[in-house]
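Start from the sequences and build out the full structure, keeping to the hints where you can.
Residue numbers (the working numbering), protein chains in the order written: chain D, 1 to 370; chain U, 1 to 370; chain S, 1 to 370; chain P, 1 to 370.
For the record, the hints were derived by calculation from the structure and aren't laboratory data.
These numbers were taken from a predicted model, which means no experiment stands behind them.
Careful, some of the hints might be misleading.
To be verified - Okay, derived cross-link-like pairs now, BS3-like style, lysine-lysine, Cα gap no bigger than 27 Å in a straight line:
| hint | chain 1 | residue 1 | chain 2 | residue 2 |
| --- | --- | --- | --- | --- |
| 1 | S | Lys61 | S | Lys269 |
| 2 | P | Lys256 | P | Lys28 |
| 3 | U | Lys314 | S | Lys141 |
| 4 | P | Lys256 | P | Lys66 |
| 5 | U | Lys189 | U | Lys269 |
| 6 | U | Lys141 | S | Lys189 |
| 7 | P | Lys66 | P | Lys28 |
| 8 | D | Lys269 | D | Lys127 |
| 9 | S | Lys189 | S | Lys141 |
| 10 | U | Lys141 | S | Lys314 |
| 11 | P | Lys141 | D | Lys341 |
| 12 | P | Lys281 | P | Lys269 |
| 13 | P | Lys269 | D | Lys141 |
| 14 | U | Lys314 | U | Lys269 |
| 15 | D | Lys281 | D | Lys256 |
| 16 | D | Lys28 | D | Lys269 |
| 17 | U | Lys341 | S | Lys141 |
| 18 | P | Lys281 | P | Lys314 |
| 19 | P | Lys341 | D | Lys141 |
| 20 | U | Lys127 | U | Lys189 |
| 21 | P | Lys141 | D | Lys314 |
| 22 | D | Lys256 | D | Lys227 |
There are 4 protein chains.
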Amino acid sequence: MNSISQENILVGEIANGLPLTIPVYRLKGDGTGPHVYIQANMHGAEVQGNAVIYQLLEQLKQLDLKADFTLVPYANPIGCNQKSGEFTLGRFDPITGTNWNRMYLDATSIIPEFVRNHLTSDASTIKHAFREQLITHIDQKLNGPAYQLTTGQRIAYNLQRLAHQADIVLDLHTGPISSKHLYCPTYAKPSARFFNIEHVLLIDNGFGGALDEASFCPWWDLSDALKAQGINFDIAVDAFTVELGSQEKIDLTAAKYDAQSILSYLTHKEAFNNSHHQPAKIARYSCHLNDYIAYYSPLGGMVEYLAPLGGHIKAGTPIANILRMERYLSEAPLHQLTFDKDAIAILHFASASVNQGTELYKFFTNYSAL
Amino acid sequence: MNSISQENILVGEIANGLPLTIPVYRLKGDGTGPHVYIQANMHGAEVQGNAVIYQLLEQLKQLDLKADFTLVPYANPIGCNQKSGEFTLGRFDPITGTNWNRMYLDATSIIPEFVRNHLTSDASTIKHAFREQLITHIDQKLNGPAYQLTTGQRIAYNLQRLAHQADIVLDLHTGPISSKHLYCPTYAKPSARFFNIEHVLLIDNGFGGALDEASFCPWWDLSDALKAQGINFDIAVDAFTVELGSQEKIDLTAAKYDAQSILSYLTHKEAFNNSHHQPAKIARYSCHLNDYIAYYSPLGGMVEYLAPLGGHIKAGTPIANILRMERYLSEAPLHQLTFDKDAIAILHFASASVNQGTELYKFFTNYSAL
Amino acid sequence: MNSISQENILVGEIANGLPLTIPVYRLKGDGTGPHVYIQANMHGAEVQGNAVIYQLLEQLKQLDLKADFTLVPYANPIGCNQKSGEFTLGRFDPITGTNWNRMYLDATSIIPEFVRNHLTSDASTIKHAFREQLITHIDQKLNGPAYQLTTGQRIAYNLQRLAHQADIVLDLHTGPISSKHLYCPTYAKPSARFFNIEHVLLIDNGFGGALDEASFCPWWDLSDALKAQGINFDIAVDAFTVELGSQEKIDLTAAKYDAQSILSYLTHKEAFNNSHHQPAKIARYSCHLNDYIAYYSPLGGMVEYLAPLGGHIKAGTPIANILRMERYLSEAPLHQLTFDKDAIAILHFASASVNQGTELYKFFTNYSAL
Amino acid sequence: MNSISQENILVGEIANGLPLTIPVYRLKGDGTGPHVYIQANMHGAEVQGNAVIYQLLEQLKQLDLKADFTLVPYANPIGCNQKSGEFTLGRFDPITGTNWNRMYLDATSIIPEFVRNHLTSDASTIKHAFREQLITHIDQKLNGPAYQLTTGQRIAYNLQRLAHQADIVLDLHTGPISSKHLYCPTYAKPSARFFNIEHVLLIDNGFGGALDEASFCPWWDLSDALKAQGINFDIAVDAFTVELGSQEKIDLTAAKYDAQSILSYLTHKEAFNNSHHQPAKIARYSCHLNDYIAYYSPLGGMVEYLAPLGGHIKAGTPIANILRMERYLSEAPLHQLTFDKDAIAILHFASASVNQGTELYKFFTNYSAL
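Here you go:
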């Protein structure tokens with residue numbers, strides 16, 4: 001049995017002065033594998049990742065570990081506990097509206113000087129020095145004048161500080177009502193086949209504030225900047241956002257399956273000795289982020305969702321009925337919606353009540369088999 | 001084809017001065033049947049009743065009507081449009097917290113004088129005069145000083161004014177995540193068999209502010225008060241709260257089934273000529289409201305719900321797992337919950353995240369076959 | 001310097017498993033005075049009471065105490081931290097809508113048996129035994145099956161358990177935008193003059209779920225029940241809800257003034273040796289709760305409040321302008337509101353945007369000098 | 001008396017199918033002045049602009065108009081009516097968290113081709129053609145596939161379509177608790193002196209999604225792009241965000257003063273014949289946006305705000321007390337906050353309860369007399 005340690009990190013204080021803490025679990029490997037960082041529940045309603053971390057811990061304590069592990073459930077102690085009616089209003093800071101997963105720190109600014117200082121370094125030196133730089137950069141913000149940090153930044157930077165120490169970063173999310181899908185940087189596409197996830201979104205190098213981007217963009221930028229100097233340096237970090245299915249649900253059986261999916265990927269990344277975790281034999285599809293289309297409701301009304309999640313939809317087939325009962329006599333009360341492209345329905349809105357312009361669906365278009 | 005008329009009644013104004021209106025649909029029968037009032041969506045997230053009214057209208061326009069019908073979808077124009085995150089926060093007035101279905105007017109006060117004035121009247125006179133009194137009582141409030149009415153009362157009283165004109169009142173609701181069930185006054189128990197609803201809650205004469213109570217309590221009180229004077233007077237109104245299943249969902253197929261269930265009941269109440277709608281052959285169970293037990297979470301945590309809705313649960317069998325990932329090392333991370341009584345699980349909370357004390361389940365106990 | 005002790009009591013757990021605690025401060029007197037219980041901030045936005053407790057502690061540590069003191073700031077660790085936009089949404093449980101100050105336990109049921117058992121007891125025995133009974137009654141609920149307690153009850157009962165140990169209970173609240181006022185049971189009217197509070201609401205014996213009522217109603221009921229048996233027993237507990245002014249504000253200077261007001265009342269109640277705290281010489285007005293009139297907005301719109309808080313308003317004088325800019329051409333854009341009674345404006349709504357039926361003002365009517 | 005016309009534009013539909021409309025008021029001048037567009041209340045709680053539009057209309061109908069006017073109160077029919085507790089939660093879309101004033105359309109993309117096509121046009125032709133292009137660009141979005149527009153974009157683009165027709169655009173906002181201030185593009189600095197607003201924020205050419213930027217950036221970009229081609233073209237549009245003071249307040253007297261401030265500016269812009277409106281003689285200060293510093297709370301707690309709004313604060317003087325009553329014994333319960341720069345306090349947070357990291361204040365630093 002591997003030993004697991006727990007630390008509770010302090011990430012803020014609330015109005016009655018009580019501390020906001022996040023539990024951090026750690027397992028040590030034999031020193032020959034990568035460092036793996038996995039967090040869950042940055043968005044308050046997206047709880048299933050906690051169950052996946054539970055199932056991972058149950059497995060990891062029995063495996064022969066090469067890798068070190070840092071696992072962080074309940075990554076957002078505000079979002080996680082923010083109720084509004086029965087549901088959890090945890091997607092954005094309730095005070096400011098800022099998405100909790102858009103507050104990580106951009107490290108772009110540190111690259112030019114770093115490159116100038118490492119034109120003659122070897123890859124291993126670069127890797128260690130850059131990691132140290134990333135952590136220092138975060139520390140400067142965390143240790144700078146306290147009045148310069150927002151609530152969300154304080155949470156995000158503390159987590160990012162942990163993530164920067166890892167070679168592999170998995171941020172466990174869910175959609176609203178959703179099939180499984182994976183946000184994967186294009187360079188890591190070959191690794192995507194090792195997850196048991198049917199739908200893979202390929203994303204370019206662009207920082208929008210999310211943890212996966214905060215983890216891989218600096219290394220990708222570094223690789224590009226060194227290449228511009230004629231130096232070949234492979235991107236040293238894999239980072240993914242793993243969308244586990246629907247929010248507001250705990251399913252321990254599904255969590256076990258998803259833990260095995262992660263163990264399969266980590267086996268591929270040589271995190272274990274003697275692991276037999278293999279990817280499932282499933283059809284996988286990839287789609288570029290530019291072809292991931294949001295479909296906003298063209299009408300206000302009550303929605304019957306018709307497109308099966310993960311289902312391949314032909315252009316022009318019905319995807320939803322919109323019921324508008326206050327127009328029963330004045331116009332047709334039922335409007336059938338279609339989408340004008342062949343698509344895979346990945347997720348839909350969590351409620352049946354929508355305004356005109358509410359995001360109804362997100363679709364893979366121009367997808368191909370992976 | 002029967003003709004349907006629409007009226008939009010004014011029930012309030014919002015901050016930018018725009019009117020709050022509710023659509024009211026009416027069909028006229030041949031004058032020999034009861035007057036039927038059906039409303040839906042008083043709680044904003046409980047939208048499926050609108051779909052049932054849609055399916056009812058589709059049927060009613062083709063049936064041979066004895067009864068008059070008043071159908072009111074979107075009964076609450078504030079609750080229906082109150083979003084908080086993706087979900088609809090429509091169970092209570094967002095300003096005051098008052099449950100929208102606890103604001104109807106109590107008519108108890110009019111009974112003593114009415115009885116004194118009708119000690120020698122016949123049943124038909126009593127029925128007509130009391131109905132008129134109920135409507136007058138509401139009108140006095142609606143036409144009294146404008147500063148004496150809350151937002152919710154204005155909506156509720158306008159609806160109650162319509163309901164008081166009917167002999168049969170159905171208020172279509174849903175639970176959070178729920179099986180179908182029916183709130184039925186004990187005197188109407190024989191009628192409950194004509195709905196296709198497995199679970200029937202029997203309620204006594206007690207006014208708590210809901211529409212079903214506001215509709216039947218005055219007639220029940222009147223019947224009791226007349227009986228105390230030695231006069232036999234049957235309770236002249238049937239009123240039910242029909243819980244259609246889960247909130248935040250539109251399912252037109254299920255709505256058609258539930259419309260047929262209502263048509264079966266209304267056939268029994270002689271609302272139609274030549275209707276062949278019959279109740280489905282299903283097992284039905286009844287439970288007294290006093291035996292309808294709320295089970296509040298004994299722990300804060302993330303919930304995996306295990307009890308199947310409508311399922312018959314043996315005392316002591318697991319009903320939920322509570323995951324507490326911040327106690328992975330310090331205590332067991334998974335707590336199995338049980339209930340100490342044999343029960344039918346009727347509904348559970350809509351979210352997987354609960355505080356200690358959040359209502360997890362509601363159970364029928366001491367139930368019997370109906 | 002008197003010594004102050006602190007205990008943090010556990011009143012619940014939130015979704016990420018973290019404990020909800022409330023700080024309790026205690027000071028011991030010389031054993032010859034009453035036991036005083038003061039809490040603040042049960043409603044999340046009503047924070048000024050915390051500052052009053054701060055100022056009280058600053059004073060109490062220097063006074064010569066006869067009384068024992070229990071002081072509880074931050075009485076509601078959920079409400080206190082519940083943000084929705086910039087403001088604190090702490091008046092009701094965000095899940096259920098239940099007002100946090102309507103969840104205390106009703107002790108009515110214990111009285112008949114208690115009276116039967118104490119028909120021959122002396123007053124001191126009755127007082128001690130009844131206090132013990134009240135605490136036992138609460139303990140039975142707190143120690144009963146965990147699944148029977150709501151989140152709010154768990155908080156309320158834990159506080160009530162502390163309050164029942166006291167002879168004097170002060171629950172510090174604020175209005176929305178408000179002048180100071182005091183909820184005072186009619187029997188304690190003579191004591192009301194010792195607070196520096198201009199406006200006093202006299203309330204009868206009726207339990208609605210609030211802490212003041214939960215504290216005095218059982219003793220009042222007991223006194224009445226004993227009187228019915230021919231036994232004279234003075235109501236042994238004083239309990240008040242103290243409305244300190246407006247919510248969402250901390251003002252340490254005002255808090256010091258209000259602490260002195262409380263010290264003046266407590267001096268009158270012989271809580272100190274050698275205290276010179278005297279009530280301020282101000283005009284005081286009392287009004288019976290039945291004459292405390294809510295004025296709901298007769299129109300939806302934007303409100304300019306005109307009635308000065310604490311101001312004596314003549315019937316028919318303007319109390320507000322309602323601006324309705326979408327009717328600039330179709331009708332007058334500005335509506336002047338009046339109230340049809342002479343009144344003192346005690347509080348008004350916290351926002352300028354109101355629906356038709358939003359509570360605009362609360363007025364003392366039929367008031368008299370105290 | 002000038003005639004005023006009203007049109008209600010349709011900008012969306014809500015869940016019960018009812019239309020979202022915005023009232024638009026228009027006055028025609030003699031054709032020799034600029035076209036002026038003024039809107040208010042895009043953020044739901046920032047209502048005072050509606051009162052300013054009211055006072056403007058009262059004046060404009062009596063003035064001798066050169067300019068045409070388009071005035072839009074209640075610009076956001078969702079935000080304006082979104083209550084959460086007593087306050088208005090109208091700063092962001094309650095579903096997505098997106099700030100309502102960050103959804104306007106970026107026109108940058110149309111500039112390169114436009115410049116290529118107008119290298120030989122005269123200034124007047126350029127102005128007219130570019131305005132037409134801007135409107136066409138918006139129309140393409142509004143008339144494109146309905147499923148491509150979010151709720152907020154539909155509102156914003158409809159307003160922007162009106163604003164693009166104007167030479168002068170004023171977007172009336174307020175701060176939380178705030179002194180008056182003006183967001184002014186640097187090129188329009190001389191005009192800032194004609195408003196009766198003490199504090200002026202100078203902003204560069206950068207599009208972040210707000211209406212003022214959406215109005216001036218395209219013209220500024222165009223001017224720059226033409227200059228790069230050696231063509232001199234003055235920026236043809238003035239656009240300002242006018243921050244009128246505090247949210248959640250209607251004050252008709254203050255509104256009249258602010259209407260006069262706008263009339264003074266518009267007199268300067270030759271909107272009237274024979275207008276005598278002159279700017280007030282007040283001290284004005286300007287500060288570059290980069291020097292406008294947000295001060296986030298270094299602690300969670302209850303805040304007593306000490307810095308007077310509009311007050312000139314010396315570095316190191318107290319700006320707030322943070323009360324932390326759960327640490328009364330374990331550390332000092334009162335923490336005094338200071339800011340390390342000389343500053344003018346422009347606004348502070350609307351509530352006394354703050355998390356660590358909540359924005360407490362915004363300060364002008366490095367300001368100078370205007």
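Right, here's what the structure says about each hint:
1. Lys61/S <-> Lys269/S: At roughly 18 Å apart (the allowed maximum being 27 Å), Lys269/S and Lys61/S satisfy the hint.
2. Lys256/P <-> Lys28/P: 22 Å, holds
3. Lys314/U <-> Lys141/S: Cα-Cα ~25 Å, so holds.
4. Lys256/P <-> Lys66/P: OK: Lys256/P and Lys66/P at ~21 Å, within 27 Å.
5. Lys189/U <-> Lys269/U: 13 Å, holds
6. Lys141/U <-> Lys189/S: It is violated: about 34 Å lies between the C-alpha atoms, which goes past 27 Å.
7. Lys66/P <-> Lys28/P: 8 Å, holds
8. Lys269/D <-> Lys127/D: 18 Å, holds
9. Lys189/S <-> Lys141/S: Not OK: Lys189/S and Lys141/S at ~33 Å, beyond 27 Å, violated.
10. Lys141/U <-> Lys314/S: Between Lys141/U and Lys314/S the Cα gap is close to 25 Å, so the pair holds against 27 Å.
11. Lys141/P <-> Lys341/D: Satisfied, since the Cα-Cα distance of roughly 19 Å is no more than 27 Å.
12. Lys281/P <-> Lys269/P: 19 Å, holds
13. Lys269/P <-> Lys141/D: 46 Å, violated
14. Lys314/U <-> Lys269/U: Violated, at about 37 Å.
15. Lys281/D <-> Lys256/D: Holds - the C-alpha atoms of Lys256/D and Lys281/D are around 17 Å apart, at most 27 Å.
16. Lys28/D <-> Lys269/D: Judged against 27 Å, a Cα distance of about 16 Å means the pair holds.
17. Lys341/U <-> Lys141/S: 19 Å, holds
18. Lys281/P <-> Lys314/P: 25 Å, holds
19. Lys341/P <-> Lys141/D: 19 Å, holds
20. Lys127/U <-> Lys189/U: 22 Å, holds
21. Lys141/P <-> Lys314/D: 25 Å, holds
22. Lys256/D <-> Lys227/D: Between Lys256/D and Lys227/D the Cα gap is close to 41 Å, so the pair fails against 27 Å, i.e. violated.
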